[in-house]
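A.B. asks: Chains as they are written, first to last, in UniProt numbering: chain A, 1 to 648; chain B, 1 to 648.
It is possible that some hints are incorrect.
Simulated pairs of lysine to aspartate or glutamate, EDC-like, Cα-Cα distance not exceeding 20 Å [said to hold, decoys possible]:
1) Lys180/B to Asp369/A
2) Lys611/B to Glu569/A
3) Lys210/B to Glu569/A
4) Lys611/A to Glu569/B
5) Lys180/B to Asp203/A
6) Lys13/B to Asp227/B
7) Lys600/B to Glu645/A
8) Lys29/B to Asp3/B
9) Lys327/A to Glu645/A
10) Lys269/A to Asp369/B
11) Lys374/B to Asp203/A
12) Lys374/A to Asp203/B
13) Lys496/A to Asp369/A
14) Lys210/A to Glu214/B
I should point out that these hints are in silico values taken from the structure, not numbers from a laboratory.
Residues per chain are reported as follows:
There are 2 protein chains.
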Amino acid sequence: MRDTLLALAHFPKDKLDKVDTEAFLIAAKKCRGWVLTMTTAANSGHPGGSMSSMEMYLVTYAVSNLRRERVEETDRDYVVISHGHTAPAAYSALAYLGFFDPLELLGNFRRTGSPFQGHVERSVPGIDWGSGNLGQGLAAGVGYALAQKKRRGEGHVFVLMGDGEQTKGQVSEARRIAAKEGLDNVTALVDFNHIQISGFVEDVMPVQYKRLWEIDGWQVYECDGHDPSDIYSALKEAYEDDGPSVVFCNTVMGKGVSFMEGIPDYHGKALNKEQYLRAMEELGEDPSILEEALRARRGPLPEGRRVSVSAPPIQTGHPFTYSRETKTDNRSAFGKALANIGELNYKEGSSSTPILVFDCDLASSVKVDEFADKCPEWFVETGIQEHATATVSGAASCGGVIALWADFGVFGLTEVYNQQRLNDINKTNLKLFLTHVGLDVGEDGMTHQCIDYCGLLRNLFGWKLTVPIDPNQTDRITRWALSEAGNICVAMGRSKVPILTREGEDTPFYGENYVFRYGAIDLIRDGRHASVFAMGHMVYRAVQARELLEKHGLSLRVYGVSCPLSIDEKAIEEAAELGPIFTFEDHHAGTGLGREIVSKVQSLGLHCRVKPLGVWRYGDSGPFDEVFEAMGLSSKALAECVLKELEK
Amino acid sequence: MRDTLLALAHFPKDKLDKVDTEAFLIAAKKCRGWVLTMTTAANSGHPGGSMSSMEMYLVTYAVSNLRRERVEETDRDYVVISHGHTAPAAYSALAYLGFFDPLELLGNFRRTGSPFQGHVERSVPGIDWGSGNLGQGLAAGVGYALAQKKRRGEGHVFVLMGDGEQTKGQVSEARRIAAKEGLDNVTALVDFNHIQISGFVEDVMPVQYKRLWEIDGWQVYECDGHDPSDIYSALKEAYEDDGPSVVFCNTVMGKGVSFMEGIPDYHGKALNKEQYLRAMEELGEDPSILEEALRARRGPLPEGRRVSVSAPPIQTGHPFTYSRETKTDNRSAFGKALANIGELNYKEGSSSTPILVFDCDLASSVKVDEFADKCPEWFVETGIQEHATATVSGAASCGGVIALWADFGVFGLTEVYNQQRLNDINKTNLKLFLTHVGLDVGEDGMTHQCIDYCGLLRNLFGWKLTVPIDPNQTDRITRWALSEAGNICVAMGRSKVPILTREGEDTPFYGENYVFRYGAIDLIRDGRHASVFAMGHMVYRAVQARELLEKHGLSLRVYGVSCPLSIDEKAIEEAAELGPIFTFEDHHAGTGLGREIVSKVQSLGLHCRVKPLGVWRYGDSGPFDEVFEAMGLSSKALAECVLKELEK
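With the sequences and hints as input, model every part of the structure.
C.D. replies: Next up, the structure:
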């Protein structure tokens, strides 16, 4: 039976024959039994939508070429699930198709420590995107499809969605990106059962479902979502047509069990024992597997799939070194390094690993315009649609390309914080270059001041954050980030930053022989009376403060912190031995470097005063030096603060 | 001239006559001169879009009844600006219409410390919504319109938007809410100049602009955006028709100065002195005001409008007290209190202050269903559209109603963090009730675990955060939050929480005579060896840990923290005197209560060990007690940790 389904990859037949259809119907019945068994065993879960999506899952996995042994490959089809709460159906279909042992699933669904979480996660083989927060899956599917397209892969992407989530704005953004990029390799399926938690979709929030897809440039199909042969034919048409397509699958919530059908209550409620027995009888499935499942639930926990994140090999070139005389800003140094790397790797039509650079209508400000000129095929303009872009770029980064998104801090992180959290959960491989962070946005004012990037990423567990100190270090960090695995954020201000040199010399501090190491704190200037830990583009102001203090006979040690979320304990211990510690950042003082260092001092049991200088209110709109002064973050303000503290 | 325009409120004439049109053209020319003067004086700003929106602003402000003396009223028309970078045009129109002295504006645009920030802010009289992050304004306008509708006000809302931002998903969400709620009192105007930063809108991201509005249920009009009479007629039709309407205004970027017209470069670049002189000559305006502006720029700073936030008076009823035997959860106690307050204040068709409760398809889980039954006219179901809902509810809260939004933590805050930041900047008056926070979401797993709510709100400056300790305190906090001014977040878990009693008694701790005071820390149980600060629904586990420790002869003092962002120093000092301090929370340990207390200990110069217990990885999916155990946050885990520390 299973082999009949597995033989259907890439639509070898025009239509399903009787044998195929029969095989699907048997599979669907079996899987429905599993859906009920695992939710009843867990006493938790979403059986209603799982029952309605069942045939959609089975046909989709069958016609895709995603198979157990291909899970770790990138040249294959992808299946993205947006309505993640239908995990029981997705997991059942995968178990049926040989991705793992059904009993392992039945005994471990929603079990503490198990990979089979309540919403789909990539820890389960065959799951390409972890979801649960609705409205995000289409963008993930578009990301995978775009990656395939750009690397000239043959893979097709299927995205399964619910109907209630169609209203989410991010869905419309993702649709437009797919249409603009001409992605004929993506097919969405909507489980159109007309019921969401609060009632009928038409009452909760009326939408012209199909017309919205059409207008955004998608081909719309429709089918009976419980007829495998009808789904097959619709998917085949969608697979073969020219643009992105969506198939509306008409379904019934709770399908297959008479007393569940059309009842919203079963959206998120498992059957009790008695209901379970009745339901299994109706399905003609053996209810004794419940006992087996409950027994397995007391047994050992299964290991989940370990999602591996690797850095595709590319040439990162030879660093540019800016001399002392250079007047430039960090974002320009980033742009130059990126264009250099692009040029080295770009060969039109080649099969080398594409470096995709995403832009939301700010190319010239975030300095990816030179890259766009040099590598036009790798440049992806997604317009003012940050939510979808965050997810599209995140998913693309898992699909065999290097994905980089450059944007202002407030748009690339503040506005899309949850999308970056979901990228973290999904272990994506995104390079996020933020410009205009901190108070360093010039006159744009408080809505544009991203003073929370440390604080936001601190909530997550996998992201690495770097805040380059000068253009030379920015160049090194850019090259490092593109060849390092995992989600990496590089945060830069807007204004020009002097080239940092060694004390009393013209030699650049981050010169020819410098190699960036994540987590290192650099001793920029030694001192004898107190230390300041300055973050990123604040370092040069700290060096200026040191010069001001020299006139008072005071000697300030300056540490440069470019990795505020990974603080080197040794530097803190050394500084604590010397005297009071100051922290200096144009970030919210309650969530940035200051807090990190206070916390480290405390956990190391050190006794020294720590005085954090940072942002304590929404900032002014004006020329940047004036803004820094008004906000108490000029070099003079730091010097005065040190003076006052040392005079105590 | 000004009086001619001011006489046009609410369309007293069918069409503009020659005198009116002439008055507008003179005003537009004058204002264009001011746009160029203030941007050149500041050497910064966005002249291009300001020139193209000029007539739209003048006609809109003229036909609305928003006047200088009515700014502080709520029964009036509102004008919301979504493309906030066209501030120079909006400010000029307001100055022309008498909201403030033009010279005050010209000399203080984008000047450090001035209310005239680079993007529109409410600190300027006549500006109803601060924006700059694109795609947010329509939702704000819908919020104001909804508030008017629900309080049976006559006010009409005008929303001015750019064309580039039309792609943003939040715009489509807001459109649907307006259509569902039948808001015939909102009119949007789109400055359709076809140019965004990266080029022509049709190239950057193709969209079927008008059809999208139509399909989402809006009436679409079109006019010549530089012909005051045409704008007037289109707005009049839109004002009078039955549903929400949009007017596409065909305009030219940089309109009015030949060498600026249609040139994208002037989107965000001020003219230099020579260009300025040429432009002013073309306009026939006197360039000597530049000198005046520059002089004013060196003079005293103007005071901005102080946005006042007040709590409309409602009855908050008498608290419910739950006895020791009650088995309930905090969210249910919130739901009961809310329904009680609703019932007390709700009179169908009355003109009392409406209490609007917003829901995104989770009413029964977040326990606003009883309120919805009792106060159907005040219940607003917005579907799975969190971004727009955050802004709609925020703006509504400034429009003379009480606005409350209840949602899961990950949707009401994590997903819409930037919208809540913009609500903070806009000094809204929103009551945000989050449920399913922390690890306390049951089996839903890591995508649903909101372990960042403290950390997120810590980045903002105005939000108050409370995390109720038990159902009795939840009841008090609910009643307090609804009668307190400002943005307030109340964060609750999902599972049942025992009623906290006084030590050795059956009397509820938060009983009849308890009055909630923001910022208070409660001494729940005294102790002699160490202290634990437990947050919200973790307090009862801390009390259990105390009981476990008693068997070892150890006495743990338990402090209950319900306001983690406002820590009472006295409690910290007392605890530090006693011995080591533990913090206990099911929140990210790096951004929650632990960090707040460590920071306080450090800033007070206290020497004591602080051991933070919290979340250090994405959480498991399973029954909640098992999840807490697996994540090291059971009462037993706390007891063991204390034991180990005290044995050191």
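A.B. asks: Would you mind marking each hint as holding or not holding in the structure?
C.D. replies: Comparing the hints with the structure gives:
1. Lys180/B to Asp369/A: Violated: Lys180/B and Asp369/A sit about 42 Å apart, past 20 Å.
2. Lys611/B to Glu569/A: Between Lys611/B and Glu569/A the Cα gap is close to 18 Å, so the pair holds against 20 Å.
3. Lys210/B to Glu569/A: 58 Å, violated
4. Lys611/A to Glu569/B: Roughly 18 Å between the alpha carbons, so the hint for Lys611/A and Glu569/B holds.
5. Lys180/B to Asp203/A: 9 Å, holds
6. Lys13/B to Asp227/B: Given that 20 Å is the threshold and the Cα spacing comes to 16 Å, the pair holds.
7. Lys600/B to Glu645/A: This hinted pair holds, its Cα atoms lying about 18 Å apart.
8. Lys29/B to Asp3/B: 17 Å, holds
9. Lys327/A to Glu645/A: At roughly 34 Å apart (the allowed maximum being 20 Å), Glu645/A and Lys327/A break the hint.
10. Lys269/A to Asp369/B: 18 Å, holds
11. Lys374/B to Asp203/A: With Cα atoms ~19 Å apart, Lys374/B and Asp203/A stay inside 20 Å; holds.
12. Lys374/A to Asp203/B: 19 Å, holds
13. Lys496/A to Asp369/A: 18 Å, holds
14. Lys210/A to Glu214/B: Answer holds: Lys210/A to Glu214/B is near 14 Å, not above 20 Å.
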